Amino acid sequence: MSRSRRSDRLVVAFAAAATLVLGIAAPRMAAAETVTITFANWAAAEGTTKPAIEKVIADFEAAHPDIKIKSEAISFSEIARQLALRVRAGNPPDVAQLAGNDTFLIAATGKLEPLSGYIDAKFKAELKPDALNSLQYQGKLIALPWTLAPAGLWYDKAILQKAGLDPEKPPKTIDELTTAMAAIRKTQPDVIPLGLDTTNRPFALQSNWPWMATFGANPLGDAKASADSPQMKAYLGWMRDLAKNRYIDPGRKIGEFRPLAAQDKVAFIWDQVLLQGVIQNANKMSDADFYKRWGVTTQPAGPSGKSYSFEGGHQLVMFADGKQKKAAWTFMQYVAASPAAIADYTLGPGASLPPLVRMPNAELAKKLETPIFEAFTSRIIPTATKPPYGPAFSSGASAIMAGVQQAVTGSESIDQIAASIQQQLGRR
Amino acid sequence: MVLPSVAVLAIVVGYPVVYTLLLSTQDYNLLGTTPERFVGADNYRKLLEDPTFWLSLRNTAIYTFGSVAIAALLGLALALLTENIGGRHGRAARALLLTPWAVPFVVVAFLFRYMYLQNGGAINALLLATNVIDAPISWLNVSSLALPAVMVTNVWTMTPFFFLLLAAALAGIPNEVIESARVDRARGASLIVHVKLPFLRNALLVSSLLMIIANFNDFAKIWAMTQGGPGYSTTTLVVYVYRLAFENFSIGYASAIGVVWLLLLLAFAVAYLRALRMS
Numbered sequence: 004m005s006r007s008r009r010s011d012r013l014v015v016a017f018a019a020a021a022t023l024v025l026g027i028a029a030p031r032m033a034a035a036e037t038v039t040i041t042f043a044n045w046a047a048a049e050g051t052t053k054p055a056i057e058k059v060i061a062d063f064e065a066a067h068p069d070i071k072i073k074s075e076a077i078s079f080s081e082i083a084r085q086l087a088l089r090v091r092a093g094n095p096p097d098v099a100q101l102a103g104n105d106t107f108l109i110a111a112t113g114k115l116e117p118l119s120g121y122i123d124a125k126f127k128a129e130l131k132p133d134a135l136n137s138l139q140y141q142g143k144l145i146a147l148p149w150t151l152a153p154a155g156l157w158y159d160k161a162i163l164q165k166a167g168l169d170p171e172k173p174p175k176t177i178d179e180l181t182t183a184m185a186a187i188r189k190t191q192p193d194v195i196p197l198g199l200d201t202t203n204r205p206f207a208l209q210s211n212w213p214w215m216a217t218f219g220a221n222p223l224g225d226a227k228a229s230a231d232s233p234q235m236k237a238y239l240g241w242m243r244d245l246a247k248n249r250y251i252d253p254g255r256k257i258g259e260f261r262p263l264a265a266q267d268k269v270a271f272i273w274d275q276v277l278l279q280g281v282i283q284n285a286n287k288m289s290d291a292d293f294y295k296r297w298g299v300t301t302q303p304a305g306p307s308g309k310s311y312s313f314e315g316g317h318q319l320v321m322f323a324d325g326k327q328k329k330a331a332w333t334f335m336q337y338v339a340a341s342p343a344a345i346a347d348y349t350l351g352p353g354a355s356l357p358p359l360v361r362m363p364n365a366e367l368a369k370k371l372e373t374p375i376f377e378a379f380t381s382r383i384i385p386t387a388t389k390p391p392y393g394p395a396f397s398s399g400a401s402a403i404m405a406g407v408q409q410a411v412t413g414s415e416s417i418d419q420i421a422a423s424i425q426q427q428l429g430r431r
Numbered sequence: 567m568v569l570p571s572v573a574v575l576a577i578v579v580g581y582p583v584v585y586t587l588l589l590s591t592q593d594y595n596l597l598g599t600t601p602e603r604f605v606g607a608d609n610y611r612k613l614l615e616d617p618t619f620w621l622s623l624r625n626t627a628i629y630t631f632g633s634v635a636i637a638a639l640l641g642l643a644l645a646l647l648t649e650n651i652g653g654r655h656g657r658a659a660r661a662l663l664l665t666p667w668a669v670p671f672v673v674v675a676f677l678f679r680y681m682y683l684q685n686g687g688a689i690n691a692l693l694l695a696t697n698v699i700d701a702p703i704s705w706l707n708v709s710s711l712a713l714p715a716v717m718v719t720n721v722w723t724m725t726p727f728f729f730l731l732l733a734a735a736l737a738g739i740p741n742e743v744i745e746s747a748r749v750d751r752a753r754g755a756s757l758i759v760h761v762k763l764p765f766l767r768n769a770l771l772v773s774s775l776l777m778i779i780a781n782f783n784d785f786a787k788i789w790a791m792t793q794g795g796p797g798y799s800t801t802t803l804v805v806y807v808y809r810l811a812f813e814n815f816s817i818g819y820a821s822a823i824g825v826v827w828l829l830l831l832l833a834f835a836v837a838y839l840r841a842l843r844m845s
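If you're matching them up, the sequences are chains A and B in order. In case it helps, my numbering puts the first sequence at residues 4 to 431. In case it helps, my numbering puts the second sequence at residues 567 to 845.
Hints are computed from structural coordinates only; laboratory data are not their basis. Mixed in with the good hints, there may be bad ones.
Under the rule of at most 30 Å between Cα atoms (straight-line distance), these lysine-lysine pairs were calculated in the DSSO-like manner [stated by the list, open to error]: (1) A:287 <-> A:53; (2) A:236 <-> B:612; (3) A:175 <-> A:309; (4) A:247 <-> A:131; (5) B:612 <-> A:227.
Owing to the predicted nature of the structure, the values given are computational and were not obtained by experimental measurement.
Make the full structure from the sequences, and use the hints.
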């Protein structure tokens, strides 16, 4: 074999080996550059929001080919428990969707990454200051506001009219509300006058907190429990009257009133901004018909003379044990504030309000010009009160809501019930 | 030969039991908000002074023994009633009677929950239409009615189990025994009480003990229907432990209640084993 032949073969062999090596290694090199973020959320677990969040994730991945999102669907009622267990096991996701007390419950584990180091001045200025301030825990920003979903008093104008009430003048005080409910009960016995969540779970306490507040009650107290107070007893007595007169349908979750509201079977409903989307999704009502039929206003003021609301919006949190924090933050920013995500998810089916001071474009700004969004933005959001969230809130919720249920369904005296709640809160 | 079984049991049963015992002597919060520390018998002392624990124990006893007793009686009655129905009709009747046992418990719970609704529930609609009541009743939201209402659901699911076992036991009674009793002019109630029931005693005892153990642990039906409410009127031990462990995250205290619960179940398990030996 000649020397040149041998060298030719060597060259061919080298080229083949190089091709093989590159062929195997190239995809690996590309894969090494792609990071995967795990995202625990209930948006993908619910039929109404699943397509929207999947689209947001797909759009994000298309815009950021180096980041892949692994969405983990967990139900709303389970997510806090699962995250607490995963934190304990050292296996949390990178990013999670949380809301209300759950955000602060998980923050109490000390395993949430403070976001102050990620949020720059420009992005901070885009977000509503109240939304940011309410997410401080021990002086640190522990979550990024994703949606705002305050609760208001929704009213079905046709039902009010049928009861001989002015459909454009919803009740402003508890007394006016009681008079209206009596008229509705009398004229339309098959209608539930007030849809109110009285289940025993932390969300129900969050939902009832503004009603306690308007009676001047603060059962968890600032320093120690104060459930055995005249204000709390007044609230419990009012709840008992509501049940006795069959103005409320006890035991239903708020979500169980929504289909009934879509069938015109609920006159007033204490619910979040997303109710419009749920009703329209159920009965296919047009926007114009919806605004003709439904209105929303502030909570009727109780003895304190003040109206309150609760902010039930969703947040995004990042876990301190995550390995891809930069990519996680990029994803969080995109989901909360990108025009595409706002259009597809935040203002999509089951719409909530974006946490932004100003909409990023005129088209989105136009979408917010509805009587419902305007009522929430200008009148209801300013009445929002934040309950003392944290582990004490969730352990206190069982005792307080069990007491509310006893007031609503039992025969024990209100004094006994208030004393029992106080005793249980004291034992925690 | 025995060693592998012992090893598997030690891992599957022994480890959780020992770990629960250890946890019950600690102040252990799942969120890690307070450092874990050994508290000895404090959780057990706390339990003695906890009215919700005693109420849960009482509810568990009513729910378990009440449901099992009623379901056993109904199962027995159905087995006796269908005993002599033969042919196609008999098979169809037995298949129909067994249907509730085939429906998943959670489905049953939601089914009854919607049937019990104050507004739009089938039970209220039926009672109103037949003038039994003049206003709809919120079955699951009246403290005094909620536990019996959940028990009715439980009895509905459990009766076929008793029916199945007792029908099989009835079929196993030798014909000679029945014939000789008839020769002695034993008929109707007398034949059932003096001849058939003694033959069913062991089947009844074993199936009741099995169901007592199953009902003591019943979580799905109660949670899906009432979540232990209203108030604490349907809170049983298992519901209370769940709330303590996964809402309050008080794993130490929940474990102490778990240990008491385990001891009670052990007592039933021993009784069951003895009953098996007797039969």
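For this session: Check each numbered hint from earlier against the structure, then list the numbers of those it violates in ascending order.
Result: 4
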